[in-house]
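*Asks:* These are the residues of each chain, in order.
2 protein chains.
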Amino acid sequence: MTGFILGIDGGGTSCRAALADADGVMLGRGRSGASNILTDPDTALKHITEAARLAFEDAGLKPRLDATQAILGLAGNNVGDAVGYVTARLPFARSQIVSDGVIALQGAIGDEDGAIGIVGTGTVYIIRDQGQFRSIAGWGFQVSDLGSGARLGQLALQETLLAFDKIRPMSLLAEAILAEFDGNPELIVDFARLAKPGDFGRYTPKVFEFADQGDETALRILKVGASGVDEALDAVYAVTGAAGKLCLLGGLAPLYPPYLAERHRTRLSEPRADALTGAVELAVKAYAEKSGVRA
Amino acid sequence: MTGFILGIDGGGTSCRAALADADGVMLGRGRSGASNILTDPDTALKHITEAARLAFEDAGLKPRLDATQAILGLAGNNVGDAVGYVTARLPFARSQIVSDGVIALQGAIGDEDGAIGIVGTGTVYIIRDQGQFRSIAGWGFQVSDLGSGARLGQLALQETLLAFDKIRPMSLLAEAILAEFDGNPELIVDFARLAKPGDFGRYTPKVFEFADQGDETALRILKVGASGVDEALDAVYAVTGAAGKLCLLGGLAPLYPPYLAERHRTRLSEPRADALTGAVELAVKAYAEKSGVRA
Chain A
1 MTGFILGIDG GGTSCRAALA DADGVMLGRG RSGASNILTD PDTALKHITE
51 AARLAFEDAG LKPRLDATQA ILGLAGNNVG DAVGYVTARL PFARSQIVSD
101 GVIALQGAIG DEDGAIGIVG TGTVYIIRDQ GQFRSIAGWG FQVSDLGSGA
151 RLGQLALQET LLAFDKIRPM SLLAEAILAE FDGNPELIVD FARLAKPGDF
201 GRYTPKVFEF ADQGDETALR ILKVGASGVD EALDAVYAVT GAAGKLCLLG
251 GLAPLYPPYL AERHRTRLSE PRADALTGAV ELAVKAYAEK SGVRA
Chain B
1 MTGFILGIDG GGTSCRAALA DADGVMLGRG RSGASNILTD PDTALKHITE
51 AARLAFEDAG LKPRLDATQA ILGLAGNNVG DAVGYVTARL PFARSQIVSD
101 GVIALQGAIG DEDGAIGIVG TGTVYIIRDQ GQFRSIAGWG FQVSDLGSGA
151 RLGQLALQET LLAFDKIRPM SLLAEAILAE FDGNPELIVD FARLAKPGDF
201 GRYTPKVFEF ADQGDETALR ILKVGASGVD EALDAVYAVT GAAGKLCLLG
251 GLAPLYPPYL AERHRTRLSE PRADALTGAV ELAVKAYAEK SGVRA
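Top to bottom, those sequences are chains A and B. Residues 1 to 295 (full-length UniProt numbering) are what the first sequence spells out, left to right. Residues 1 to 295 (full-length UniProt numbering) are what the second sequence spells out, left to right.
Excised from the complex, chain A in its bound form:
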């Protein structure tokens, strides 16, 4: 073998790196800070390099970035300008930026056709169909991502105001949320005006928690959310057919299944590995075959 293989899984909060030999045998791992190539490409470059060096250190090796071939799965990869800027400045012998969804799918289902649904603060569905990638939803909180943590949290605040106004019955969930805002609906409005998706998403664990206890407001919210996920999964199946594997990933993946339609629930499988492992696998294949990975 010649040189090293590196997988990078980077996003808005952290950047993780896994170092392997040319056969994909793991040697070490590293972790650094945010690597959002859209909002701050220079910081992303710094953290990608740092995570790579830490992976070499973790393996007990002197960093040899110039002898390393990397696949980087990064959020924001669909904006050409950012990708070009970052790719030109990466310190590796060869590197390719793909979407964070593509490495997650590789990790979860390996080389097979199938799909993943990432249900976290946002929602997006990535399909591999005869080697081709497609994504569904994931357009963001304002007009998409039905069933996402952000949308569920927003619905929780909305339902709290509906209960306050006696438009819908008061419930323990609505009481609990109202209490967090000192019983003052105007504080909810102030919060919502400036809230980012992650801010709304902070109320989502409470929704699942109260739904478990049979709270009607929480169950109504999850009915809306699960219906959004169910409909998207129907669209996924229309592409993959019944044979395709399906995994749910993301923070809400363990919580959602009981609320999904049975036709989907019974077809879910556990992911076989994480996104970082997926990135390493793709890198091994790409550089062994001397060919690019489709993103």
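Quick caveat, the hints were computed from the structure, so don't treat them as lab data. There may be inaccurate statements among the hints.
Any copy, or any two copies together, can satisfy a pair, since identical chains are not distinguished.
Here are the simulated SDA-like cross-link-like pairs (lysine to any residue), alpha carbons at most 25 Å apart as the crow flies [unchecked claim]:
| id | residue 1 | residue 2 |
| --- | --- | --- |
| 1 | K196 | P185 |
| 2 | K285 | A93 |
| 3 | K166 | Y237 |
| 4 | K166 | A243 |
| 5 | K62 | D182 |
| 6 | K62 | G198 |
| 7 | K166 | V239 |
| 8 | K223 | Q158 |
| 9 | K223 | D111 |
| 10 | K166 | G131 |
| 11 | K166 | D113 |
| 12 | K62 | R272 |
| 13 | K223 | R168 |
| 14 | K62 | E180 |
| 15 | K223 | A163 |
| 16 | K206 | G140 |
| 17 | K196 | G60 |
| 18 | K62 | E186 |
| 19 | K245 | D113 |
| 20 | K166 | K223 |
| 21 | K62 | A22 |
| 22 | K196 | E175 |
| 23 | K166 | D234 |
| 24 | K206 | T87 |
| 25 | K166 | R265 |
| 26 | K166 | A176 |
| 27 | K245 | T39 |
| 28 | K196 | L38 |
| 29 | K166 | E231 |
| 30 | K206 | G110 |
For this one, chain A is given, so just place chain B on it according to the hints.
*Replies:* Frame of chain A, contents of chain B only:
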């Protein structure tokens, strides 16, 4: 009689004034620019004064603001600081700021108990019950105002993306909206990220237009919107009882009735006068009786 009576109806885009004698006989009208006391109280003061002077001119009279008693129905009246600042600086002999909803209700249903639903870019319901005012909804676009123009427009963009992703069937409405964004869903996302309620509301006329032609997407959006209005009206009736009058006001008022539940549709009545007339009526009563108006 001594002095003049002035009604002011002010909001984010304009300020209207109506001048009357102490018996409420209309003498003249004036109109000036924005008078949002929350976002720009000094400009609001300038435009209120200008509209009042123009009403005197319209009546063929020399402005006598210091001999004028005014009721001002202004958006943003629920924030005490702004009200205090503006009230202290108004040029009138006596003046009182009430909500824009209170003067609209007075105009629409007069002195009776009852309610109005203002369905425009936002939605809010104002109830007068044994002389006491209450409002329902109206907490703003992010977590309230179900069925408002802003929410309908947002739903239209959301449905367009769902159709683009084949999660729901493509329709003529979704095609028309997608065409406005050059067939590029990313342009919808860019728009939505920065859109204010009025920006979303620009797509709402199209929703009603296509619903008239039986478009399934448009009908689905209006079903959601009308259900939000129906539920709020149920909460209104729980306060007013069946005897109370009900008027819909605002830009969507002429469009919504065919989509509302029959129990509400059959109870709607036409407003008897506009908000500015309501402000004058309240001023005549307040200053004739030498007592304040409740807001």
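*Asks:* Hint by hint, say whether it matches the structure.
*Replies:* Cross-check of the supplied hints:
1. When the C-alpha separation of K196 and P185 is checked against a cutoff of 25 Å, the pair qualifies both within a copy, at 19 Å, and between copies, at 21 Å.
2. Taking the closest pair of Cα atoms, K285 and A93 come within 25 Å of each other only inside a single copy of the chain (16 Å); across copies the shortest separation is 83 Å, beyond that limit.
3. In this assembly of identical chains, the alpha carbons of K166 and Y237 lie at most 25 Å apart only when taken from different copies (11 Å versus 40 Å within one copy).
4. With identical chains, the CA atoms of K166 and A243 are at most 25 Å apart between copies only, with a shortest distance of 20 Å across copies and 48 Å within one.
5. For the homomeric pair K62 and D182, neither the shortest alpha-carbon distance inside one copy (56 Å) nor that between copies (51 Å) is at most 25 Å.
6. Neither within a single protomer nor between protomers do K62 and G198 lie at most 25 Å apart by alpha-carbon distance, with minima of 38 Å and 58 Å respectively.
7. Taking identical chains as interchangeable, the C-alpha atoms of K166 and V239 lie at most 25 Å apart only when they sit on different chains, with a minimum of 10 Å there against 44 Å within one chain.
8. In this assembly of identical chains, the alpha carbons of K223 and Q158 lie at most 25 Å apart whether taken from the same copy (15 Å) or from different copies (18 Å).
9. In this homomeric assembly, K223 and D111 never come within 25 Å of each other (Cα to Cα): the closest approach is 34 Å inside a single copy and 43 Å across copies.
10. In this homomeric assembly, K166 and G131 come within 25 Å of each other (Cα to Cα) only across copies, at 20 Å, whereas the closest approach inside a single copy is 52 Å.
11. In this homomeric assembly, K166 and D113 come within 25 Å of each other (Cα to Cα) only across copies, at 20 Å, whereas the closest approach inside a single copy is 49 Å.
12. Within a single copy, K62 and R272 get their C-alpha atoms no closer than 31 Å, and across copies no closer than 84 Å, so neither meets the 25 Å cut-off.
13. For the homomeric pair K223 and R168, the shortest alpha-carbon distances inside one copy (16 Å) and between copies (18 Å) are both at most 25 Å.
14. Proximity of K62 to E180 under the C-alpha cut-off of 25 Å is found in neither arrangement, the shortest distances being 51 Å within a copy and 55 Å between copies.
15. With identical chains, the CA atoms of K223 and A163 are at most 25 Å apart both within one copy (17 Å) and between copies (21 Å).
16. Both within a single protomer and between protomers do K206 and G140 lie at most 25 Å apart by alpha-carbon distance, with minima of 22 Å and 23 Å respectively.
17. Taking CA atoms no more than 25 Å apart as the test, K196 paired with G60 passes in neither setting, with 41 Å inside one copy and 54 Å between copies.
18. With identical chains, the CA atoms of K62 and E186 are never at most 25 Å apart, being 57 Å at best within one copy and 43 Å at best between copies.
19. Proximity of K245 to D113 under the C-alpha cut-off of 25 Å is restricted to the intra-copy arrangement: shortest distance 7 Å within a copy versus 62 Å between copies.
20. Taking the closest pair of Cα atoms, K166 and K223 come within 25 Å of each other both inside a single copy (21 Å) and across two copies (21 Å).
21. With identical chains, the CA atoms of K62 and A22 are at most 25 Å apart within one copy only, with a shortest distance of 17 Å there and 92 Å across copies.
22. In the homo-oligomer, the alpha carbons of K196 and E175 lie at most 25 Å apart inside one protomer (23 Å), although the nearest pairing across protomers, at 29 Å, exceeds that limit.
23. For the homomeric pair K166 and D234, the shortest alpha-carbon distance between copies (9 Å) is at most 25 Å, but the shortest distance inside one copy (36 Å) is not.
24. Proximity of K206 to T87 under the C-alpha cut-off of 25 Å is found in neither arrangement, the shortest distances being 41 Å within a copy and 43 Å between copies.
25. In this assembly of identical chains, K166 and R265 lie within 25 Å of each other by CA distance solely across copies; the values are 21 Å between and 35 Å within a copy.
26. Within a single copy, K166 and A176 get their C-alpha atoms as close as 16 Å, which meets the 25 Å cut-off; across copies the closest is 38 Å, which misses it.
27. In this assembly of identical chains, the alpha carbons of K245 and T39 never lie at most 25 Å apart, being 34 Å within a copy and 54 Å across copies at closest.
28. With identical chains, the CA atoms of K196 and L38 are at most 25 Å apart both within one copy (17 Å) and between copies (24 Å).
29. Proximity of K166 and E231 under a CA criterion of 25 Å is satisfied inter-copy only: 10 Å between copies versus 31 Å inside one chain copy.
30. When the C-alpha separation of K206 and G110 is checked against a cutoff of 25 Å, the pair qualifies neither within a copy, at 34 Å, nor between copies, at 45 Å.
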